[in-house]
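Given next are the chains, with one letter for each unit.
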Amino acid sequence: AQSVAQPEDQVNVAEGNPLTVKCTYSVSGNPYLFWYVQYPNRGLQFLLKYITGDNLVKGSYGFEAEFNKSQTSFHLKKPSALVSDSALYFCAVRDIGTGGFKTIFGAGTRLFVKA
Amino acid sequence: DGGITQSPKYLFRKEGQNVTLSCEQNLNHDAMYWYRQDPGQGLRLIYYSQIVNDFQKGDIAEGYSVSREKKESFPLTVTSAQKNPTAFYLCASSISVGGFGNQPQHFGDGTRLSIL
Numbered sequence: 001a002q003s004v005a006q007p008e009d010q011v012n013v014a015e016g017n018p019l020t021v022k023c024t025y026s027v028s029g030n031p032y033l034f035w036y037v038q039y040p041n042r043g044l045q046f047l048l049k050y051i052t053g054d055n056l057v058k059g060s061y062g063f064e065a066e067f068n069k070s071q072t073s074f075h076l077k078k079p080s081a082l083v084s085d086s087a088l089y090f091c092a093v094r095d096i097g098t099g100g101f102k103t104i105f106g107a108g109t110r111l112f113v114k115a
Numbered sequence: 001d002g003g004i005t006q007s008p009k010y011l012f013r014k015e016g017q018n019v020t021l022s023c024e025q026n027l028n029h030d031a032m033y034w035y036r037q038d039p040g041q042g043l044r045l046i047y048y049s050q051i052v053n054d055f056q057k058g059d060i061a062e063g064y065s066v067s068r069e070k071k072e073s074f075p076l077t078v079t080s081a082q083k084n085p086t087a088f089y090l091c092a093s094s095i096s097v098g099g100f101g102n103q104p105q106h107f108g109d110g111t112r113l114s115i116l
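Those protein sequences? They're chains A and B, same order as listed. Using this note's numbering, read the first sequence as starting at 1 and increasing by one per residue. Using this note's numbering, read the second sequence as starting at 1 and increasing by one per residue.
Watch out, some of these pointers could steer you wrong.
To be verified - Just so you have them, the derived chain B footprint on chain A, three or more residues with Cβ under 8 Å:
#1 31-41
#2 62-68
#3 105-112
What the hints assert, rightly or not - Restricting the straight-line Cα-Cα distance to at most 27 Å, the calculated cross-link-like pairs of lysine-lysine (BS3-like) are:
#4 A:Lys102 to B:Lys14
#5 A:Lys22 to A:Lys114
#6 B:Lys83 to A:Lys102
#7 B:Lys9 to A:Lys58
#8 A:Lys49 to B:Lys83
Keep in mind that the hints were calculated from the coordinates and are not lab data. Fair warning: this is a prediction, and the values are worked out from it, not measured in the lab. Just so it is clear, CB atoms sit at the ideal spot from N, CA and C, and this is done for glycine as well.
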């Protein structure tokens, strides 16, 4: 069965410092991996995805993610955090076994960026 | 602008009552989804539809029903059989068909359902 884990419920970082939000996955084949962000009382917004190719993926708002096949990880990173980055972040893996229609989401990691 | 519209934003249900949550998209997407979000549990799939007049149960379909009569619309009914319906409900859509599994989902802004 495919799964995704976000080991940290919460990440705290000071504004201007680099941030990392961790994600590990388990799939039977090649993974399609995604990061989404959610602001209070809003839906999820797509940040970036890894399908194939370069292990470092760049996305919206200065975020990037590094795909590591040997460690089955897809950590989200940003070189310099902003207070406005404070939100709930979800890692997700697409279940290719259902023809790509079913996405499995992690439990989410809440990011707090302090001024 | 293209997007997904969910209504109402807030909804209250009485005991024994069915309520219907609306989801409309103008992105011309074939696939649509309903998720339930509870604190600390991420998103759980209720139902999904790959094409008009077809839908499949997700992981927590009991107590819910859907229809897909039009490409643009995918309403969710929370029936009285759902004993713990208080949650944030999110509708999403994506380009469908086989190899487009690499495309992200687009989400509405959710409906918050509470019990009176």
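List of violated hint numbers, smallest to largest
Of the numbered hints given earlier, those the structure breaks are 2, 4, 7, 8, listed in rising order.
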